[in-house]
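From first to last, the protein sequence lines are chains A and B. For the first sequence, the positions run 1 to 202 when the numbering used here is used. For the second sequence, the positions run 1 to 202 when the numbering used here is used.
If a hint is listed, it holds; no wrong ones were tucked in.
Within a straight-line C-alpha distance of at most 35 angstroms, the following computed DSBU-like cross-link-like pairs (lysine-lysine) qualify:
no., chain 1, residue 1, chain 2, residue 2
1, B, Lys-13, B, Lys-99
2, A, Lys-99, B, Lys-99
3, B, Lys-13, A, Lys-13
4, A, Lys-99, A, Lys-13
By construction, these hints were calculated from the structure, which means they are not laboratory data.
2 protein chains.
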Amino acid sequence: MRVIVPFDVSTPKTSLADVLTPSEREAFARASLTDVLDALTTAGHEPTVLSTAPIDLDWPVHVDERALTPAVNARLATADGPIAIVMADLTLATAAAIKRLTAPDTDIVFAPGRGGGTNAIVVRHPEFRVDYHGVSIRDHREIAADLNASVTEVDSYRLSTDIDTPADLAEVLLHTDGTAATWLRDHGFAVRADGGATVVRS
Amino acid sequence: MRVIVPFDVSTPKTSLADVLTPSEREAFARASLTDVLDALTTAGHEPTVLSTAPIDLDWPVHVDERALTPAVNARLATADGPIAIVMADLTLATAAAIKRLTAPDTDIVFAPGRGGGTNAIVVRHPEFRVDYHGVSIRDHREIAADLNASVTEVDSYRLSTDIDTPADLAEVLLHTDGTAATWLRDHGFAVRADGGATVVRS
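Given the sequences, and given the hints that come with them, work out the whole structure.
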């Protein structure tokens, strides 16, 4: 299946500005992207990165300077078969989770994100278009319903977890062992039991 | 399978104090508990509520005034077969998610919670004991490893989501239609698209 991984080169993870410098955020975002691409590749796909600017990667890169929604919709409009859109900050993604995403043969498959997002979508309906603004899972359900498209939602903690905030780093450290987790450990991050799971840096 | 649902009657959901009055928190906690018990019952189980004080419910109640960890471990010590412990605030639980929890036949099955918790556990090993203090998923993995117990972790967004904070209410409103979601809607709560998914009350 054709898989698109959108990636914003210009402002990686400003929501992590309290704990990471700009260059660290860039390195961490790259590490997360690598984890997602690794999971997709292990699951048997050949992902393409849909990037806002040229970047050097071991995977094919398609550059589109536009915002996320129009850039993805341009890919959907020219797709000649099933296509998946998987967010670049799903650092917890595994090949098993990706296989659960692509297994249902409905017109549309959603992996909802925590906080109303849509972290991954499989599109087998030629008219479906995305709208990532706002509470996108609600909007995407409506768009699919308007098309009378059949829909499955995949119940995955790993795919629901986009790494956005400093607290999210605990999820990476507790549940993954990939490039991003290694990067965090190499840069002094750890999870301390402190009432809950508190991320600390040494 | 024997299923235990621990429920703390005394201090329900103080973390929601900014948006719900004490009596509303109690009603919402009961509604969430009902959703969990409904999901377990639909999945074919006969859950028992392990409550800190007597409560009136349509399901059997076992009262144990002790804290969560010793109360659950007392049930594990007297179990004569497989036993599951499912948290009462997994408002998003469905029968399908519960079936994924009980399907693996390993000694232990974990459903990790966001933030380092362990939201559900299936125990088929006579010596396994819980420790919910701190980063419990990390501790539980170690306890299982020390016993050489076989372990599966279930990748479920629904089981990973315990409803703790005001922001979590968006998850209930966006992804469920049960007793708790109905209670929230009846009490004026809705999700507004406002950058993200913002919970508002009218």
